[in-house]
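Colleague: As they're listed, the protein sequences go chains D and G. For the first sequence, position 135 (counting from the first letter as 1) is numbered 626 according to this note's numbering, and the numbering increases by one without interruption. For the second sequence, position 230 (counting from the first letter as 1) is numbered 721 according to this note's numbering, and the numbering increases by one without interruption.
A few of these clues could be false.
The list makes no distinction among identical chains, and a pair is therefore deemed to hold if it is satisfied within one copy or across any two copies.
[Claimed, not checked] With a straight-line cut-off of 20 Å between C-alpha atoms, the simulated DMTMM-like cross-links for lysine to aspartate or glutamate are:
{"#": "1", "residue 1": "K683", "residue 2": "E605"}
{"#": "2", "residue 1": "K527", "residue 2": "E605"}
{"#": "3", "residue 1": "K772", "residue 2": "E666"}
{"#": "4", "residue 1": "K669", "residue 2": "E511"}
{"#": "5", "residue 1": "K632", "residue 2": "E752"}
{"#": "6", "residue 1": "K562", "residue 2": "E720"}
{"#": "7", "residue 1": "K772", "residue 2": "E522"}
{"#": "8", "residue 1": "K556", "residue 2": "E724"}
{"#": "9", "residue 1": "K602", "residue 2": "E528"}
{"#": "10", "residue 1": "K632", "residue 2": "E672"}
{"#": "11", "residue 1": "K602", "residue 2": "D796"}
{"#": "12", "residue 1": "K602", "residue 2": "D551"}
{"#": "13", "residue 1": "K562", "residue 2": "D654"}
{"#": "14", "residue 1": "K617", "residue 2": "D796"}
{"#": "15", "residue 1": "K632", "residue 2": "D563"}
{"#": "16", "residue 1": "K556", "residue 2": "E666"}
{"#": "17", "residue 1": "K617", "residue 2": "E731"}
{"#": "18", "residue 1": "K669", "residue 2": "D630"}
{"#": "19", "residue 1": "K527", "residue 2": "D551"}
{"#": "20", "residue 1": "K556", "residue 2": "D781"}
{"#": "21", "residue 1": "K785", "residue 2": "E528"}
{"#": "22", "residue 1": "K562", "residue 2": "E528"}
{"#": "23", "residue 1": "K531", "residue 2": "E666"}
{"#": "24", "residue 1": "K669", "residue 2": "D551"}
{"#": "25", "residue 1": "K632", "residue 2": "E808"}
{"#": "26", "residue 1": "K657", "residue 2": "E605"}
Everything labelled a hint here was simulated from the structure, so no lab data went into it. Small disclaimer: the values here were computed from a predicted structure and weren't measured.
Protein chains: 2
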Amino acid sequence: MGGDHAPGVNVQGALWARSELGVNLTLVGDEHLIRKELGKNGKLNNSIRIHHCSQMVAMDELPLKALRHRKDVSIMVAFDLARRGNVDAVVSAGNSGATVGAAVLTLGRLKGVERPALAGIFPGAKGNVVLIDVGANVDTKPRQLFEFGIMGDIFTRSLLNIDNPKVGILNIGQEGSKGNEQVRIAHELFKKGPFNFVGNVEGRDIFSGDVQVIVSDGFVGNVALKLSEGMAETIGVMFEREISRSLISRLGFWLSRRAFEHFKRNLDYAEHGGALLLGVKGVGIICHGDSSPKAIKNAIRTAIDFVNNHVKERLEEGLAAFQTKGNER
Amino acid sequence: MGGDHAPGVNVQGALWARSELGVNLTLVGDEHLIRKELGKNGKLNNSIRIHHCSQMVAMDELPLKALRHRKDVSIMVAFDLARRGNVDAVVSAGNSGATVGAAVLTLGRLKGVERPALAGIFPGAKGNVVLIDVGANVDTKPRQLFEFGIMGDIFTRSLLNIDNPKVGILNIGQEGSKGNEQVRIAHELFKKGPFNFVGNVEGRDIFSGDVQVIVSDGFVGNVALKLSEGMAETIGVMFEREISRSLISRLGFWLSRRAFEHFKRNLDYAEHGGALLLGVKGVGIICHGDSSPKAIKNAIRTAIDFVNNHVKERLEEGLAAFQTKGNER
Chain D
492 MGGDHAPGVN VQGALWARSE LGVNLTLVGD EHLIRKELGK NGKLNNSIRI HHCSQMVAMD
552 ELPLKALRHR KDVSIMVAFD LARRGNVDAV VSAGNSGATV GAAVLTLGRL KGVERPALAG
612 IFPGAKGNVV LIDVGANVDT KPRQLFEFGI MGDIFTRSLL NIDNPKVGIL NIGQEGSKGN
672 EQVRIAHELF KKGPFNFVGN VEGRDIFSGD VQVIVSDGFV GNVALKLSEG MAETIGVMFE
732 REISRSLISR LGFWLSRRAF EHFKRNLDYA EHGGALLLGV KGVGIICHGD SSPKAIKNAI
792 RTAIDFVNNH VKERLEEGLA AFQTKGNER
Chain G
492 MGGDHAPGVN VQGALWARSE LGVNLTLVGD EHLIRKELGK NGKLNNSIRI HHCSQMVAMD
552 ELPLKALRHR KDVSIMVAFD LARRGNVDAV VSAGNSGATV GAAVLTLGRL KGVERPALAG
612 IFPGAKGNVV LIDVGANVDT KPRQLFEFGI MGDIFTRSLL NIDNPKVGIL NIGQEGSKGN
672 EQVRIAHELF KKGPFNFVGN VEGRDIFSGD VQVIVSDGFV GNVALKLSEG MAETIGVMFE
732 REISRSLISR LGFWLSRRAF EHFKRNLDYA EHGGALLLGV KGVGIICHGD SSPKAIKNAI
792 RTAIDFVNNH VKERLEEGLA AFQTKGNER
C-alpha cells in the first residue's frame with residue numbers, strides 16, 4: 492500500500508518479479524484495491540497471495556504516532572508475517588520512518604545493535620559503494636556510527652561478495668582532526684574496529700569506488716542519496732536539451748543510443764532497488780516512494796539475494812563475535 | 492601560493508584574467524617562485540604586481556595553529572592588503588580553513604554575523620541554486636543557520652540578480668518535524684525571517700532549481716559539494732567508457748560533440764570559480780585545491796562581480812536593517 496502510486500505500481504512490480512524471478516509473493520493491504528489491480532494485470536494463483544488489512548500509514552504521517560494508534564496497519568502486518576516465518580522478507584515503497592519503526596517494533600533488533608540503519612548502494616567508477624546510513628537515524632552517536640561500520644562491512648562481504656572491503660567515515664577532510672564532534676570521536680573508535688578502516692573519506696568518494704563502505708549519520712547520508720538522484724535526473728534533462736538543438740546532434744545521439752542506454756542503466760537507481768535495512772531480526776527493503784514497477788521488481792530481487800546469501804545470519808554472527816572479544820558495552 | 496599546483500596554475504589563471512577581464516592583480520607569495528612562473532608565461536607590467544612574503548599554510552595543516560605562529564603568511568598578507576584598501580578582493584586556492592580564518596582575523600565579521608559562511612553555486616535544471624554553507628562551519632547552531640539564510644538571500648539578489656529568491660532549509664523530509672534537532676529548531680526561526688522562506692527542501696532540490704537559496708550546516712553542504720563534483724567526474728568516466736565500445740558509438744559521439752561540450756560546460760564547476768565567503772568585511776573567494784587555470788580565472792571574474800555588484804555593502808545594509816527591527820540579540 493506504500494508509495495506515491497500504490498497499489499498499482501507495487502502490484503505490477505510484483506507480477507514482473509513473479510514471472511522473472513519465480514518467487515512466491517504475499518501482497519499485504521486492501522484486498523479490494525489489490526484485486527482490482529490484479530484484475531488488470533493477471534490472475535491470482537499459488538505464487539501470489541493477498542493478506543488483507545484495513546489500515547495503512549500515509550506518506551506524510553508521523554510514523555510512530557500512526558503505528559501506535561492503529562491495529563491493522565499494512566506495514567506492521569507485513570513484518571508480523573515475517574516474524575511468524577510466513578514470509579522471508581518485506582519490501583515496501585511506503586513511509587520509510589514507518590517501515591523502519593514497524594520492523595524494529597515487530598522483529599526487534601539484532602544483539603549488539605542500538606540503532607538499525609539503512610544501507611544504500613551507489614554506482615562508483617571503480618565498483619559499487621555502500622553508504623550506511625541513508626536515512627534511518629539522525630543525531631547519531633559515535634558508538635552507533637561504529638555499529639554501522641561493523642554492519643556495513645559484513646553486509647558488503649556477504650551481499651556484494653567483496654573481500655575485506657575498505658571502510659571509511661564520511662567527513663569533510665581526510666585528517667582525523669577534521670569534521671564535527673560526532674565524526675571526530677567516531678574516528679578514534681573506528682581505529683579499533685574489526686574491519687579494514689582506512690580513515691576519513693569525502694563526498695567525492697561516494698562515486699569514486701576507492702572505498703567500498705562509507706559510514707555516515709542518516710541525515711548526511713539521506714541528503715547524499717537524494718542529491719545523487721536529483722543530479723542524475725538533472726543531467727538527463729540538460730543532456731536531452733542539448734542533443735535536441737541540432738539535427739546533427741540528434742543523428743549522432745541516435746547512432747550512439749546503445750551506449751547511452753547502457754550508461755543510463757548504470758546510473759539508474761531503480762536498478763539497485765531500494766535501501767536495505769540492517770540490524771533487525773529479519774529482512775526489510777525500502778524503495779523510493781516514487782518507485783517504478785521495475786524498481787519494485789529489483790527490490791524484490793535484492794530481498795531474495797539478501798535471504799539466499801544469509802546476510803541477516805552473517806550480521807548476527809559477526810556482531811556476536813565482536814562482542815565476545817570483550818567489547819561488550 | 493595555495494592549492495595543489497601552486498604557484499603555476501594560479502599564475503596562469505591570473506594571466507588569463509588580466510588579458511580577458513582587464514583586471515589589476517597583485518600576486519601574494521614567494522617572489523622568486525612567482526617570477527619563475529611569470530617568466531614562462533609573460534612579463535610583469537603595471538597590471539600584475541608581486542607582493543612578496545616568506546611563509547604559507549600547507550594544504551594539510553591545522554589552520555589556526557599555522558596562522559597564529561607565523562608572521563608573514565601569504566593568506567594573512569593578502570587579506571591585510573584588502574583591509575588596507577590596496578586590493579578589493581582576495582582569491583585563494585589554498586587551505587580553505589586557513590583562508591576563512593585569515594579573513595575573519597584580518598577583516599573581521601560584519602555586524603550581526605556570528606559565523607561567516609561559504610556560498611556555493613550549483614547548476615540546477617531550472618537555474619542556479621545557492622547552497623550556504625559549503626564548508627566554513629561544522630556543528631552550526633540554529634541561530635547561525637538563520638544568519639546564513641539572511642546572507643544567502645541578499646547574496647542571491649545582488650550577485651545573481653534573482654528577485655525574491657525562495658529560501659529553504661536542507662533536510663531529509665518536507666515536514667517541519669523532520670530532521671535532526673539543529674534543523675527542527677532552525678525551521679521555527681526561519682518562519683520569522685526577512686526572506687521568502689518556503690520550508691524544508693531535500694537533497695534532490697540542490698539540482699532542481701525550484702528553490703534558489705538552500706541553507707545547511709557546513710558539514711552537510713561540503714559533503715554535497717564534493718559529492719556533486721565526484722559524481723560529475725564519474726559520469727564523465729562511465730560515459731567515455733560506453734562510447735568507446737563501438738565504432739558506431741564513437742561516430743555518433745563525434746557528430747554530437749558540440750552538444751556534449753556545451754553540456755559539460757554547464758556541469759563544470761570550474762565555470763563557477765569557487766565558493767564565496769559571506770559575512771566578513773571584505774571579499775574572499777575560495778577555489779578548489781585542484782583548480783585549473785580556467786577555474787582561477789573564473790574565480791577572479793566572480794570576485795569582480797562581487798565587488799561591482801556591491802554584495803558586501805548590501806549584506807551589511809541588509810543585516811543592519813534586520814537588526815534595527817528589534818531582532819538584536
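Colleague: Taking the hints in turn, state whether each one holds.
Modeller: Hint check results:
{"no.": "1", "hint": "K683 with E605", "verdict": "within (19 Å within a copy, 37 Å between copies)"}
{"no.": "2", "hint": "K527 with E605", "verdict": "neither (41 Å within a copy, 59 Å between copies)"}
{"no.": "3", "hint": "K772 with E666", "verdict": "neither (36 Å within a copy, 30 Å between copies)"}
{"no.": "4", "hint": "K669 with E511", "verdict": "neither (48 Å within a copy, 38 Å between copies)"}
{"no.": "5", "hint": "K632 with E752", "verdict": "neither (42 Å within a copy, 45 Å between copies)"}
{"no.": "6", "hint": "K562 with E720", "verdict": "neither (35 Å within a copy, 47 Å between copies)"}
{"no.": "7", "hint": "K772 with E522", "verdict": "neither (28 Å within a copy, 65 Å between copies)"}
{"no.": "8", "hint": "K556 with E724", "verdict": "neither (34 Å within a copy, 43 Å between copies)"}
{"no.": "9", "hint": "K602 with E528", "verdict": "neither (40 Å within a copy, 62 Å between copies)"}
{"no.": "10", "hint": "K632 with E672", "verdict": "both (10 Å within a copy, 13 Å between copies)"}
{"no.": "11", "hint": "K602 with D796", "verdict": "neither (23 Å within a copy, 58 Å between copies)"}
{"no.": "12", "hint": "K602 with D551", "verdict": "neither (31 Å within a copy, 40 Å between copies)"}
{"no.": "13", "hint": "K562 with D654", "verdict": "neither (44 Å within a copy, 50 Å between copies)"}
{"no.": "14", "hint": "K617 with D796", "verdict": "neither (22 Å within a copy, 39 Å between copies)"}
{"no.": "15", "hint": "K632 with D563", "verdict": "neither (34 Å within a copy, 41 Å between copies)"}
{"no.": "16", "hint": "K556 with E666", "verdict": "between (42 Å within a copy, 15 Å between copies)"}
{"no.": "17", "hint": "K617 with E731", "verdict": "between (27 Å within a copy, 14 Å between copies)"}
{"no.": "18", "hint": "K669 with D630", "verdict": "both (18 Å within a copy, 12 Å between copies)"}
{"no.": "19", "hint": "K527 with D551", "verdict": "neither (25 Å within a copy, 62 Å between copies)"}
{"no.": "20", "hint": "K556 with D781", "verdict": "neither (23 Å within a copy, 49 Å between copies)"}
{"no.": "21", "hint": "K785 with E528", "verdict": "within (16 Å within a copy, 56 Å between copies)"}
{"no.": "22", "hint": "K562 with E528", "verdict": "neither (25 Å within a copy, 75 Å between copies)"}
{"no.": "23", "hint": "K531 with E666", "verdict": "neither (58 Å within a copy, 35 Å between copies)"}
{"no.": "24", "hint": "K669 with D551", "verdict": "between (36 Å within a copy, 10 Å between copies)"}
{"no.": "25", "hint": "K632 with E808", "verdict": "neither (23 Å within a copy, 41 Å between copies)"}
{"no.": "26", "hint": "K657 with E605", "verdict": "neither (23 Å within a copy, 39 Å between copies)"}
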